[in-house]
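Using the sequences and the accompanying hints, generate a full structural model.
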Amino acid sequence: MKQNYFLAKWLNKEITEAELLKHISDDELRSYKKIIAATSLLETPIYNVEEALLKLKIAHKNSKVRKLNIIPQFYKVAAVLALLLTSYYFISNKNTSYSTQLAEKINFELPDNSKVNLNADSEITFKSKNWENKRELNLKGEAYFSVKKGSKFTVNTNLGSVSVLGTHFNVLARDAYFEVFCYEGLVSVHYKNETIKVPAGSSFKVLNSKPEFSENITETNPSWLQNNSSFKSVPYKYVIKEIERQYNIEVTYDKSYADTLFTGTFTHTNLNTALKAICIPLNFNFTIFSENKVSIKVQ
Amino acid sequence: MKDKNNTDYCDEKKFSDFFLNHSKLLHNFIYYKCGNFDMANDLVQDSFLKFWNNCHKIIPGKAKAFLFTIANNLFLNEYSKTKVVLNFKSTLPKNITNESPEFILEEKEFGVKLQKAIASLTEAQRIAFLMNRIDGKKYKEIAEILGISVKAVEKRIHNALVSLRNEIENI
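From first to last, the protein sequence lines are chains A and B. Position in the first sequence (from 1) plus 94 gives the number in our numbering. Position in the second sequence (from 1) plus 257 gives the number in our numbering.
What the hints contain is simulated information worked out from the structure, not anything from laboratory work. One thing to keep in mind: the hints can contain errors.
For lysine-lysine, the following DSBU-like pairs were computed, each having C-alpha atoms within a straight-line distance of at most 30 Å [stated by the list, open to error]:
no., chain 1, residue 1, chain 2, residue 2
1, B, K394, A, K151
2, A, K107, B, K314
3, A, K116, B, K408
4, A, K155, B, K314
Partial selection, computed: residues in chain B whose CB lies under 10 Å from chain A [claimed, not checked]:
no., residue
5, N310
6, L333
7, N416
Cβ atoms here follow ideal geometry from the backbone N, Cα and C, with glycine treated the same way.
The structure is reproduced here in structure tokens:
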């Protein structure tokens, strides 16, 4: 049976009131009329179309901007990756470095467990990455190496380089003073395109570009490891510099004695004793002015 | 209808015209659903935004139905379970002369009853009925917007009137 929506038809003026009254009572008609009349007066809250359009356009612009941001999103990821890669590159290739201050000595181990003793005011830098295959480091100052057997081990200095396969040796490179002591095994020293083999118990010394080779060293390790500094025919200025380094002091002395050769030893533990040790052989007197100022004069 | 000829809704001018012509009705449509003015504002904006972003996909002549479908879907996705509390402004006709206090009170009471009754209609009935009563839309146009037959619109309006009368008389 076809449904007859007479109320809707009547509301839409498709049927007359008389026709509608066939379906409903007079009372009902009155109620419906009242409802219809009341609903035709209803209004929804005021909605500002123009304002809404303006807001929408702003929102649309912003949403467009967001769309464009998809590309920078990619760049963001790329930038972060690039940053990570470069920082990884730098970190992995970063030089490891150890250095000492005046009056300071340290010892440490290299990645292959080779031992290094670093004397005062010295510095060692090396790349810890790929160390096993390329054992190479740079030295400024003085250091004693106790090298594990393995691939070629190279110490580069401003004055020359030293390579070994595994041994104990001391390298000193300060100013124009370059000295290599070999205590065990065999050491090759590269100095001005020359290669000098330094066997155990020997030393190679370069002073003011004059190479010198000496044998018959009885010590088994450098004296500075026992808190002594030993010199054998070394210009006095290097002795003064060494005592300045070991005690963190300033020494004034007669510069005409700068190149006088000195042979002897001073301790790192007592300044008075040490000063006596370097003054008495040359008939000098010393005065300690303040904590770190010393004057050495001819008697 | 005039938007039958306008296929390119991406054009800002055409889009603006479309917005000015239909946003009030869409706003009311959502308001009939949820009775929340601010929510209607937001949904109108979201719907038109979606409409604009998909302006290339719009089939000529179906723009309006598409817009209302978007709005309906957004409503279903986000807001469907909110309680309906409608709040209509009721203007009393100015030409009524016998404004005795009793009459005004009665009218007020009736107005309150009517609003409650409208709120208790089913959503489908309410939308069809109010689109006709408040927005003055013909059954055919309502059918088009809601994507239903005219007969279905008639049914909803007929049933809306029946249940309104029952509600008001029972309160």
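Any hints this thing doesn't respect? Which numbers, in order? 2 and 6
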